[in-house]
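*Asks:* Following the hints, position chains B and C against chain A.
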Amino acid sequence: MKKLAGAVNYRYLLSLLLSILFAFLIGAGILAVSGFHPLEAYGAMLSGAFDSARHIGDFLEYAMVLCVCGLACVLGARVGIFNVGGEGQLLLGAIFAAQVGVWMDGQPRFLVIVCAALAAMAVGGLYAFLPGVLKVKVKVNEVITTIMLNTVAAYLCQYLAKGPWKNANKNMVAATEQLGAQYWFGNVIPRSNLTSAVFAAAVMAFLVWYVMERTSIGYEMRITGENPRFAFFSGLRTDQIVLLSMVVSGAMCGLVGMFRVYGVEHLYRDSVSKDYYFEALMVAMIAQYKPVTVILLSLFFAVLKIGAQGMELIGIPSQIYLIIQTVIIFCMAAESGITRSLTAAHERRRAKRAAEERLKEELKHG
Amino acid sequence: MQENAVEFRHISMEFPGVLANDDVSLDIRKGEVFALVGENGAGKTTLMNILYGIHEPTNGEVYIRGRKVERFSPKTAISMGVGMVHQHFMLVPSFTVAQNIVMSREPRRLGVLFDNKAAEAAAQRLVEEYGLAVDPAAVVREIGVGLQQRVEILKTLYRGADILILDEPTAVLTPQETDELFAVIRRVVRELGMTVIIITHKLYEVMAISDRVGVMRKGRLIGVENTCDVDEKKLASMMVGRPVLYDRLEKAGEAGAEQIAVHDLTVCDDRGLVAVDGLSLSVRAGEVLGIAAIEGNGQSELLEAITGMRRVERGTVEVCGQNVTGKTAGEIRKVGLSHIPEDRLATGVSRSASVTDNLLMGKQRDKAFSGFAFHQRRSSIERYAEEVYERFDIRGAGIDTAVGSMSGGNMQKVVVAREFSFDSPVLIIAQPTRGVDVGAIEFIHTRIIEKRNAGCAILLCSADLDEVFRLSDRIITMYEGRITGEFRTSDITKEEIGWYMTGHREGKEAAKA
Amino acid sequence: MDDLSAILASIFSSGTFNEMLRRATPVALAAIGGSLTEHAGIMNIGMDGMILMGAFFGVFGSYLFTSAWGGVGLVLLMGLLVGLFFALFVVKFRSDEFIIGCALNTFALGLTTYLSRSVFGTSGAKGFPSLPTVDLPLLDKIPFLGAVLNGHSLFVYLTWLFVLVLWVFIYKTPYGFWLRASGEKPETLRTAGIEPEKMKWLASILCGVLCALAGAHLSLGYLNGTFAENMSNSRGYIAFACVIFGAANPAKAYLAALMFGFFDAIGLRLQDYVSSDLTGIIPYAITIIMMVYVVVNAQRRRRHAAQQQLSRRARS
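Chains as they are written, first to last, in our numbering: chain A, 1 to 366; chain B, 1 to 513; chain C, 1 to 316.
Be aware that a few hints might be false.
What the hints assert, rightly or not - In silico lysine-lysine, DSBU-like type, Cα no more than 35 angstroms apart, as pairs:
(1) A:137 <-> B:363
(2) C:172 <-> B:117
(3) A:360 <-> B:30
(4) A:352 <-> B:75
(5) A:352 <-> B:363
(6) A:352 <-> B:117
(7) B:30 <-> B:233
(8) C:172 <-> B:75
(9) C:92 <-> B:68
Think of the hints as simulated: they come from the structure by calculation, not from any bench.
Here chain A stands alone, though its shape is the one from the complex (with noise of 0.2 angstroms):
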């Protein structure tokens, strides 16, 4: 139990809960510049969170997203490697499973499900990987491929979802073909968006943080990531650490793509993410790549976030959460450098009066 006590960084903490404070003191006064009662506002954003049962589910629906999104990232970030293109492994991972619904059409539920898991994580773990090469053996940045590559998977979804794999129906502009509904996953809380996919997540974020904290192979990640020559020189083999990490996490992605589908939107269509994997990246970014912090981070933002859709029923562009996340991550990026610069001068009045304690002292004994 002690040691429990002491695994909890107060420091962390304060800065967080400050960095919130100052975040949403920030949303009230752009709330308030646009001509809108913050408080209201934020009443607004509580009770479109809370005020029914379908909103819990989709909040939780959208905790679930953000967590598995934001694990997929931390995997990547623990080893030294930025995957910034889940959302394209998402996407991507989404189209695959949709459309082998389609084609896999009156096979039995469970096969279905299982090849379209299967599908997704492959073709999000593909799209990981080559990144991945890119920055193992050739040394390319990842952060740029990973980006150019989101784009690249959206246009390429678009074009898939308009043409080779389009919806027969000629109001659905860019969309697939509708699953089977015996295909679709149960509903955990009715009309919401929650549905049997959170066991799986909840089974897939245990999975994670206990082979990232538990076991000799998170060690190793962890090296690798912190020290990336102090690992190869100890004997990893590093390279296959950072690619398999790297493809893990987009097979994540890749998942969560079907979730999506399978769950929410039971055809592929843009609405399938708009840039959900950022918004979890932002939560690993505040978490600090620790699992079990992104894991209770995501169901604080997905309040915001389906909250911030209530605020739309009064007129308030729900962006404002992505401006009170940023906020929240500029305070803590900024943390150590403002607290250095406090307690700086602070330190040198200290020591300069510990200097001449010290002066007076020899000079009444010298």
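*Replies:* Only chains B and C this time, still in chain A's reference frame:
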């Protein structure tokens, strides 16, 4: 009564957790060569950085030629005639010699344009004036360290310095280059009346060049003497606070079978230039082979190639009778090799990881530490770490501290503890005691000889010639990637070795002639 | 066969090259700004957000002052502020550049979308005063070149000026030397009595202004007074790739941006034959190939040098 060039009054400098200077008061006379000696971490460089305005002292005052320093910044120091040649050169590698020399006081055209011609002309004038030959148009990245140091000195002269600080100037120089540097120092002092402060820990250099010498230990100034009144032995005991008497290391046993065999090895450095040039060597079980070479003569690349950290261009490496050419570091370790790398921060540890995690590396998959489903057995890992921590006398805040926050000596003990715990028959050891305090040096040396006596084949490389002599059974000298000489330690002296380290092959005769 | 020649004819028409210039300019403006931060040793991932801010405040200013030049004025101010903001975190607080860059992009996306919806409603901002196109005299007399170079917004021509000025600034003035030293070896500058942070602040601010101008060109020049959500569309990242490709030399980065513009324009031409969703991929795929080429080329050169040296030694 000579005027003082610099006066330090009760200088204290505290960094978070470290008292680098503790009430230092020191006068430096105009026109003298003052040597500041002390161990690593004694506070010499900090004191000089204060003079150069890089640090503002926590307490105390500095006077330059009688004028009190009000604002501590390099800009002020430069304007008051202070110049400093840092241990790690302050040169922009992609700029030319001239561009580096004129930096911050560039000659201009039309008010805003950099006048490269005028810069090169100014550099050329300085070169001719002081006889420090270097091509002003050469790109700094492409010239050797000896020339780079000349550029540094020219830079301070260009800025009009008459108080010159040299921080460990001879660390990267050959004995010949050192002589040339000393000649320059004598000249600028005699002809221009400059004041030179030289930081060093090589005592024979103190005797050779300085008029007076100040000794620092643990942030305090222990004493100031006229150089002619002291000898090296006295200075050494002032430096460490007790007479330095290394115990004789007991070497036992005969050399056995060949364990490291390097044949016709060629290796390139990071820039793609040949660093090791068709080199062959062999080390047998139960012996220490020491490499003596000036920094940058391929010894680092040689060790990296043997341990799998660097590509082998040509030739073969055998460890324990197995050909390991082109294998990865991990594969070579499995054959039976451990390695203490020269740069422990970059290669030897993970700074943000705990002592435990740093000690565990390489053993993390052992049955004792990794159970079902790779579950880490934290309690047995911690027990192991505690035991090693005790046995290697690591001093710090315990096994959970981040290694990056430890002192150099303790960090090195963590590396040594880990690498020696594999019981490998072959050890590659580079710079085992760089930046390590005296107590730890003794400890690490003892451990190395224990390993030798237990039958390990050890290849040692160190910038510290004393260390090479103390530990090695045989010594090879390297110059520009080739072996220039091979000796039994008992057959040669340090002075002779120096000759071979500068690329001469027929040592003695030539030295006499 | 006729098809192919028709395609080729449309690709290499003056219209394509005119389009190339138009499309390259926002990327080029950002890229020459990025050259400055790159020289100052700052990995600037946040250019996309800077562009987006410029794009929005251009339209916003144009709406506020009912004049495109008012928009440009506001953009200059906002660019300055964004640059200051970026430098505050990256230089003053020494925060992680990658995190700040990513956060800046998302922040810009959130803020511009929020403001756009608050001010203009969900339908977006269209048809505000935009920058006039400029026809250089005499140029229209030249057959092919005239059609390529004429009829652009002023920014296209201003970019050439900026490239020249910045190139001179970086490589031919003392300040440029300080800037490069501040990135390559900041201690050198500090011990010479100049604070490297000053150069980093300067680079960040200029980069902010140039990226904001890139955004202004996007919304006021290129799209005639229109702001669309997330309209920077990863151009900031492409600009970053151009910086790397051009080794932070503004002239080379500009050429890289032109290459991007060329492939973008080709994509436009090919839309008559292939789905626009597929042609949209082209510039992004080209960017990846560019990045790989830079690294592979550098490695190859190093290996080549080593090989040459080895064979020279073997002969002697």
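*Asks:* Each hint: holds or not?
*Replies:* Here's how the hints hold up against the structure:
1. Of the supplied pair hints, the one linking residue 137 of chain A and residue 363 of chain B holds, its CA atoms being roughly 27 angstroms apart against a limit of 35 angstroms.
2. Under the criterion of a C-alpha separation no larger than 35 angstroms, the hint pairing residue 172 of chain C with residue 117 of chain B is consistent with the structure, at around 12 angstroms.
3. Of the pairs offered as hints, the one joining residue 360 of chain A and residue 30 of chain B holds, with about 31 angstroms between alpha carbons and a cut-off of 35 angstroms not exceeded.
4. This hinted pair checks out: residue 352 of chain A and residue 75 of chain B have alpha carbons roughly 24 angstroms apart, not beyond 35 angstroms.
5. A hinted pair counts as satisfied when its Cα atoms are at most 35 angstroms apart, and residue 352 of chain A with residue 363 of chain B does not qualify at roughly 47 angstroms.
6. For the proposed pair residue 352 of chain A and residue 117 of chain B, the alpha carbon gap of about 48 angstroms is over 35 angstroms, so the pair is violated.
7. A C-alpha spacing of about 28 angstroms is found between residue 30 of chain B and residue 233 of chain B, which places the hinted pair at or below 35 angstroms, so the restraint holds.
8. As the CA atoms of residue 172 of chain C and residue 75 of chain B are separated by approximately 24 angstroms, the hinted pair is consistent with the 35 angstroms bound.
9. With a C-alpha separation of about 30 angstroms, the suggested pairing of residue 92 of chain C with residue 68 of chain B holds against the 35 angstroms cut-off.
Going down the numbered hints, you'll see the structure goes against 5, 6, while the others check out.
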